[in-house]
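Enquirer: Residue-level listing of the chains:
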Amino acid sequence: MANFITLFDTYNWDNTLESIFNKTTVEVENALAKEKLDLEDFKALISPAAKPFLEQMAQKSSMLTKKRFGNTIQMYAPMYLSNECQNICTYCGFSMTNKIPRRTLTDAEILKEVAFLKAKGYDHILLVTGEANKTVGVSYIKNAIKLIRSQFSNITIEVQPLDQEEYELLIENGLYAVLVYQETYHREEYKKHHPKGKKSNFNYRLDTPDRLGKAGVHKIGLGALFGLEDWRADSFFTALHLKYLQKTYWKTKFSISFPRLRPHSGGLEPKVEMTDSDLVQLICAFRLLDEDIELSMSTRENEIFRNNIVQLGATSISAESKTNPGGYTVEPQSLEQFEISDERSTEEIVKMLKGQGLEVIWKDWEHFEAIEK
Amino acid sequence: MNKILKIADKEFTSRLFTGTGKFSASEVMKEALLASESELITVALKRVDVQNNEDDILTHLQHAHINLLPNTSGVRTAKEAIFAAELSREALGTNWVKLEIHPDPRYLLPDPIETLKAAEALVKLGFVVMPYIHADPVLCKRLEDVGVQCVMPLGAPIGSNKGLKTQDFLDIIIEQSNVPVIVDAGIGAPSHAAYAMELGADAVLVNTAIAVSKDPVAMAKAFKLAVEAGRMAFEAKLAPIKNKAEASSPLTSFLN
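Protein chains in written order, with our numbering: chain Z, 1 to 373; chain W, 1 to 256.
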């Protein structure tokens, strides 16, 4: 079977970027008038030519989101299990060369963190680890999923890319979704930011959603880390990836995240800035491209931005996230992967959402496949 | 007074069935659903915590005239659907199930093959099975053969509010069916609902159009009235549509 790499290799970064910047007002207007948009329309909507149409895009995005998702927002909580990592990533607080204390949660510690999140009401959880095969390889992740499975309807992971068989094993044990961001689709820049470790293999990472699709995971989360390269080109390739995957793995759901580089210990300055207005433009463009895609917004963004984006197209958000292992109760003082920006409590976020006429969805899944066990 | 609708052992005065998704708050949902006077309300098992007596959605649906219709939304296979139905029968104490198997997460289109398999098994297990399906007349007959108590063909893709895009097939289904036909999905306006009833559908199921409206309570009432009006018109027998006026000089008058 063909894979995304074959398709991706037919594209050229510079030409793609140029074609985005060459989009005209007329092309933006046409895209806005269409019901079914293609990737050329998407390019128009993320182009500088679309800036004067931002309000129109936001209105349409809001309307489409409400039609599909109703007046609701899903909530989830990330839980960092380990900061051990054998990769060097120039932008990450857990990068191997950063001299920070390393920690991997034990079963007892995991359950302690879980108790905290359950008390807050969470039923969808995102488990995060660094990339250290010996300590946090498949067997560690499998154990963690089994340990918490009875307490969460929906378990997602954001860990090192794995092989298809490894994903199949985790799915059998209750895994629902996997987030795997390409960071950047710019091959050469990618190499610069990931000089060492398994992650330096661009193609293996790019092929990960294909392996996930073949393994039959329920949901795959895509995204690029904004700040490494031009956000417009990276977003186009994310959309290209999405469209390919939707056609190939038609039973799989997809979500898009929009991480922008945040300060961390040993930090990297963004090479390409992405403004708030750019981010709104991008979120609306994704919604106009795809009515049913889940759009996720983390606590990387600030209060004002998050208060507004929940009406504009976002469908799921986190709150009071800790990006250090044991950050909720076990060891709150340890070093974070990055600083979050919106520090409001879960209760405050829920109140904010209700105040805006949005119902919080805590639970939107059930382990229906349990009969297989 | 319109005729009473009977499905399995239950009788319904209201031919408007509703759903619980997409509302801005549980209180709004409750008020709208009461205003709709709906007696059969579907709820996604994946959205409720069946182990929790204080589940927000379920507690807001405790009302004398409301019958819960758990649905299997989220399952991808017959096997998962059967598991979900059994889970709901045990936890919610009802053997009614709205069978929804849509492996495609984008348009939520029902899988006819898995649906037929699951329906057959669930009927044998004693369930009242209400299958959500394409407007496929042959599939409706196959489902009838395995013992489902009604069929629920779609009018248009779920949540699309596009109305009765499948009308030609709905006409055939209504004509041929020996079990109640409930038009599910796609109904976006009270006029669509009234039209479905005029065509002879036994009931309609509406969710998005009510939940996402600016005033869900008023919209629920509008749907209630439309469904009643449409049914009344159907029972009163609509005058046939005529494309031309009757010819003033008939061609057969020479026979008189």
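Bear in mind the hints are in silico, worked out from the structure with no lab data behind them.
Check each hint, because a few of them may be wrong.
Unchecked claim - Here are a few chain Z residues that face chain W, going by a calculated C-beta distance under 10 Å:
id: 1; residue: Y11
id: 2; residue: W13
id: 3; residue: K67
id: 4; residue: K253
id: 5; residue: S257
Claimed, not checked - No farther apart than 30 Å at their CA atoms in a straight line, the calculated lysine-lysine pairs in the DSSO-like style are these:
id: 6; chain 1: W; residue 1: K79; chain 2: Z; residue 2: K253
id: 7; chain 1: W; residue 1: K46; chain 2: Z; residue 2: K112
id: 8; chain 1: Z; residue 1: K34; chain 2: W; residue 2: K79
id: 9; chain 1: Z; residue 1: K67; chain 2: W; residue 2: K221
id: 10; chain 1: W; residue 1: K117; chain 2: Z; residue 2: K66
id: 11; chain 1: W; residue 1: K165; chain 2: W; residue 2: K117
id: 12; chain 1: W; residue 1: K221; chain 2: Z; residue 2: K247
id: 13; chain 1: W; residue 1: K221; chain 2: Z; residue 2: K251
id: 14; chain 1: Z; residue 1: K67; chain 2: W; residue 2: K3
Said to hold, decoys possible - DEER-style ranges, computed between Cβ atoms:
id: 15; chain 1: Z; residue 1: K34; chain 2: W; residue 2: E175; range: 32 to 42 Å
id: 16; chain 1: W; residue 1: A218; chain 2: Z; residue 2: S200; range: 58 to 68 Å
id: 17; chain 1: W; residue 1: N178; chain 2: Z; residue 2: K354; range: 42 to 52 Å
id: 18; chain 1: Z; residue 1: Q59; chain 2: W; residue 2: D168; range: 52 to 62 Å
id: 19; chain 1: W; residue 1: V50; chain 2: Z; residue 2: Y204; range: 36 to 46 Å
id: 20; chain 1: W; residue 1: I172; chain 2: Z; residue 2: E348; range: 26 to 36 Å
Just so it is clear, CB atoms sit at the ideal spot from N, CA and C, and this is done for glycine as well.
Enquirer: None of the hints should be skipped; say for each whether it holds.
Expert: Going through the hints against the structure:
For the restraint placing Y11 of chain Z at the interface with chain W, the shortest Cβ-Cβ distance is roughly 24 Å, beyond the 10 Å limit, so the hint is violated. Given the 10 Å rule on beta carbons, the hint for W13 of chain Z is violated: about 29 Å separates it from the nearest Cβ of chain W. Interface restraint check: K67 of chain Z against chain W, minimum CB-CB distance 6 Å, threshold 10 Å, status holds. The criterion of a C-beta within 10 Å of any C-beta in chain W is met by K253 of chain Z, whose closest approach is roughly 4 Å, and the hint holds.
At about 18 Å, the closest approach between the beta carbon of S257 of chain Z and any beta carbon in chain W exceeds 10 Å, and the interface hint on this residue is violated. Distance hint between K79 of chain W and K253 of chain Z is fulfilled; the C-alpha atoms sit about 20 Å from each other, no more than 30 Å. Taking the CA atoms of K46 of chain W and K112 of chain Z, the gap is about 26 Å. The hint holds against a cut of 30 Å. Straight-line distance between C-alpha atoms of K34 of chain Z and K79 of chain W comes to about 39 Å, which puts the hinted pair past the 30 Å bound.
A C-alpha spacing of about 20 Å is found between K67 of chain Z and K221 of chain W, which places the hinted pair at or below 30 Å, so the restraint holds. A hinted pair counts as satisfied when its Cα atoms are at most 30 Å apart, and K117 of chain W with K66 of chain Z does not qualify at roughly 34 Å. For a cut-off of 30 Å, the pair hint linking K165 of chain W to K117 of chain W stands: about 27 Å separates their Cα positions. Annotation: proposed proximity of K221 of chain W to K247 of chain Z is violated, straight-line Cα distance about 40 Å (limit 30 Å).
Proximity of K221 of chain W to K251 of chain Z is assessed by CA-CA distance (about 37 Å); at most 30 Å being required, the pair is judged violated. Straight-line distance between C-alpha atoms of K67 of chain Z and K3 of chain W comes to about 33 Å, which puts the hinted pair past the 30 Å bound. Judged by the Cβ atoms, the range 32 to 42 Å given for K34 of chain Z and E175 of chain W holds: they are separated by roughly 37 Å. As the Cβ distance of A218 of chain W to S200 of chain Z is approximately 59 Å, the hint placing it in 58 to 68 Å holds.
Distance hint check for N178 of chain W and K354 of chain Z: the Cβ-Cβ separation is about 47 Å, which falls inside the suggested range of 42 to 52 Å. At about 35 Å, the CB distance of Q59 of chain Z to D168 of chain W disagrees with the hint of 52 to 62 Å. A hinted range of 36 to 46 Å for the beta carbons of V50 of chain W and Y204 of chain Z is consistent with their spacing of about 41 Å. Here the CB-CB span from I172 of chain W to E348 of chain Z is close to 55 Å, at odds with the stated 26 to 36 Å.
When held up to the earlier numbered hints, the structure conflicts with 1, 2, 5, 8, 10, 12, 13, 14, 18 and 20 and fits the remainder.
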